[in-house]
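Participant: The chain contents come next:
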Amino acid sequence: MSAHVAARWTTQTRRFEKNAATREPAWVKAALMTVALLFFGLFLLLPLATVFAEALRKGWQVYFAALAEPDARSAMVLTLLVAAIAVPLNLIFGLAAAWAIAKFDFRGKQLLTTLIDLPFSVSPVIAGLIYVLIFGAQGWFGPWLIENDIKMIFAVPGLVLATVFVTFPFVARELIPLMQAQGREEEEAAIVLGASGWKTFWYVTLPNIKWGLIYGVVLCNARAMGEFGAVSVVSGHIRGRTNTLPLHVEILYNEYQFAAAFAVASLLALLALLTLVIKSFVEWQGRQSMHTSQNISEVIQ
Amino acid sequence: MKSPRVLPGFPLALGYTLVYLALIVLIPLSAVFLKSATLSGEQFWAIISAPRVVSSYRISFGISLLAAAINTVFGLIFAWVLVRYRFPGRRIVDALVDLPFALPTAVAGIALTALYAGNGWLGQWLQLAGIQAAFTPLGILVALTFIGLPFVVRTVQPVLEDLDIELEEAAASLGADRWQTFLQVILPVLSPALLTGFALAFARAVGEYGSVIFIAGNVPLVSEITPLLIITKLEQYDYVGATAIAVVMLVFSFTLLFLINGLQIWTHRRHGRITG
Chain R
48 MSAHVAARWT
58 TQTRRFEKNA
68 ATREPAWVKA
78 ALMTVALLFF
88 GLFLLLPLAT
98 VFAEALRKGW
108 QVYFAALAEP
118 DARSAMVLTL
128 LVAAIAVPLN
138 LIFGLAAAWA
148 IAKFDFRGKQ
158 LLTTLIDLPF
168 SVSPVIAGLI
178 YVLIFGAQGW
188 FGPWLIENDI
198 KMIFAVPGLV
208 LATVFVTFPF
218 VARELIPLMQ
228 AQGREEEEAA
238 IVLGASGWKT
248 FWYVTLPNIK
258 WGLIYGVVLC
268 NARAMGEFGA
278 VSVVSGHIRG
288 RTNTLPLHVE
298 ILYNEYQFAA
308 AFAVASLLAL
318 LALLTLVIKS
328 FVEWQGRQSM
338 HTSQNISEVI
348 Q
Chain Z
15 MKSPRVLPGF
25 PLALGYTLVY
35 LALIVLIPLS
45 AVFLKSATLS
55 GEQFWAIISA
65 PRVVSSYRIS
75 FGISLLAAAI
85 NTVFGLIFAW
95 VLVRYRFPGR
105 RIVDALVDLP
115 FALPTAVAGI
125 ALTALYAGNG
135 WLGQWLQLAG
145 IQAAFTPLGI
155 LVALTFIGLP
165 FVVRTVQPVL
175 EDLDIELEEA
185 AASLGADRWQ
195 TFLQVILPVL
205 SPALLTGFAL
215 AFARAVGEYG
225 SVIFIAGNVP
235 LVSEITPLLI
245 ITKLEQYDYV
255 GATAIAVVML
265 VFSFTLLFLI
275 NGLQIWTHRR
285 HGRITG
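Protein chains in written order, with our numbering: chain R, 48 to 348; chain Z, 15 to 290.
Just so you know, not all the hints are guaranteed correct.
To be verified - Take a look, some chain R residues computed to stay more than 10 Å from chain Z by CB distance:
hint, residue
1, 76
2, 109
3, 110
4, 115
5, 118
6, 193
7, 195
8, 241
9, 254
10, 288
11, 308
12, 327
13, 333
14, 336
As the list claims (entries may be wrong) - Covered by chain R, according to a simulated footprint, are these stretches of chain Z (three or more residues, beta-carbon under 8 Å):
hint, stretch
15, 64 to 71
16, 176 to 187
17, 200 to 206
Keep in mind the hints are simulated off the structure, nothing from the lab. Here a beta-carbon is modelled for each residue, glycine too, at the ideal position from N, C-alpha and C.
Input sequences plus hints: build the corresponding full structure.
Facilitator: Now the structure itself:
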């Protein structure tokens, strides 16, 4: 949402509520509010509360014991490792794709943009399957990998690949519309004035896209750490070796260790809440900075 | 804009984009189609039309449609309340709408199961009413409704925010009551966004795995979803079988993606014309 829309919308909301012609009867408003808040409580708030209530059902001691257990700790390390590889890879890709698509004209641009979004419409299970078909024992490179004693599937590289696939579009799809909206004039001016390509990118482009970039990275990271279906296919569920946090939650749950499962799950829920806080903050910041640039461009005009 | 290129880095950026896209997405996805091409037409058909597989389509697609429809209705009400009304805690509610995006699906799965199981906070009341939600198709519906909600809200919300008040004032001054204004002025403007949100929620629900398998019970022919069937086949080392079913799902997803893209372009045009 652009800044001027946001500003107009606030004044509009007031106008909607003041003006009898554009105001619903009080009972309609009350009914809509009740339905929405009931739905909110039932479908969003209660599941979230359940995670923490179940996690603490047997007390803090059991809670911390579940988190300190060696398998849980190695799952945390593996989750961090996978995200630490997958997120930067997709960040670099997002920057390259957005630079090419937003700053240049070429044929097939629309098709390329659609293809970048492709992983979002593929079931996570299939995202895992495709790498099994390529690197698994029966796969394309299977025999060669076995001969050379390289493990891809049921090992960390497979987890990373599956995670890269499911988080592929996050950064690119934030940056492309943002950089398209900002146009090319500022960068062109910098180049004409003698700045190098990297300098232009570093001092002109990057400050402009800062908030969109953070937004994309935060969402990408949340999905990378929380992915379940795709990594479940390629993991092999080897305890302490190829279990990420979500897979560890599944194992504990299937062993009826509910308190421990929810304790580990509560970590992931906290990560989700943190993600939402950062996301809201970034949206607010982005709106602020756009507001300033809006004012500046109005002054110039 | 047909000016000569001033900015550098086009070959590098585009080249990197294409190579990375091909290596991570396109070549691996093509493996599914190449693998299933080793099957004859009859073999392929026999796999994808086996009774257990067909019933999994019915469950996955049927319940996903229902969940997307529920999300369209409640998502519209949700977006309306967030845009048009001010109430304490509105910003928190607004931020938490994205919870299903941010919460890992496995966590959502076990939380919903605990909530709707016979001894859960909601399950015990449902059980008194004679309804069993967890470990039945109803449980799948609950999970798919949960994960699909943000899609409708987040596609409808910006369009609603952008709607000019003058339109509604004009309708009112021409004698329309609020309901008529909604049906004949607001709803037509919102309908492309509603349809897009519906399609996005549907597409996500069909492929969903993590939040469903805990609550579904996974009984073949009753509550077994198609993605789970792919995993089951893989665990039995039936790679070809898993791949054939994956082809069906991919063809469906790509068709839907194509439709959604068309819808979004249409929304932009309509939306641009009305507010611009």
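Participant: Take the hints in turn and mark each one as holding or not.
Facilitator: Verification of the supplied hints:
Residue-level check failed: residue 76 of chain R sits 7 Å from the nearest beta carbon of chain Z, not beyond 10 Å. No beta-carbon of chain Z comes within 10 Å of the beta-carbon of residue 109 of chain R; the shortest separation is about 16 Å. With a minimum CB-CB distance of about 15 Å to chain Z, residue 110 of chain R clears the 10 Å threshold, and the non-interface call stands. Every CB of chain Z lies more than 10 Å from the CB of residue 115 of chain R, the least distance being 20 Å, so the non-interface label holds.
The beta carbon of residue 118 of chain R is kept farther than 10 Å from every beta carbon of chain Z, the shortest such distance being approximately 16 Å. For residue 193 of chain R, the condition that its CB be more than 10 Å from all CB atoms of chain Z holds, with the nearest at approximately 16 Å. Residue-level check passed: residue 195 of chain R sits 20 Å from the nearest beta carbon of chain Z, beyond 10 Å. The beta carbon of residue 241 of chain R sits about 12 Å from the closest Cβ of chain Z, which is more than 10 Å, so the claim that it is off the interface holds.
Look at residue 254 of chain R: its CB is around 17 Å from the nearest CB on chain Z, clear of 10 Å, so calling it non-interface holds up. The Cβ of residue 288 of chain R sits about 19 Å from the closest Cβ of chain Z, beyond the 10 Å cut-off, so the non-interface label holds. The claim that residue 308 of chain R is not at the interface with chain Z is violated, since a C-beta of that chain comes within 10 Å of its own (minimum 6 Å). Distance to chain Z contradicts residue 327 of chain R as a non-interface residue, since its nearest Cβ pair spans about 5 Å, not more than 10 Å.
Interface exclusion of residue 333 of chain R from chain Z stands, the closest Cβ pair being 14 Å apart, more than 10 Å. Every beta carbon of chain Z lies more than 10 Å from that of residue 336 of chain R, the smallest distance being close to 19 Å; the non-interface claim holds. Coverage of the stretch 64 to 71 of chain Z by chain R is violated. Counting CB-CB distances below 8 Å, 0 residues qualify, and the rule asks for three or more. Check on the stretch 176 to 187 of chain Z: 6 of its residues sit with their Cβ under 8 Å from a Cβ of chain R, so the three-residue criterion for coverage holds.
Counting residues of the stretch 200 to 206 of chain Z whose beta carbon lies closer than 8 Å to any beta carbon of chain R gives 0, which falls short of the minimum of three for the stated coverage.
Going down the numbered hints, you'll see the structure goes against 1, 11, 12, 15 and 17, while the others check out.
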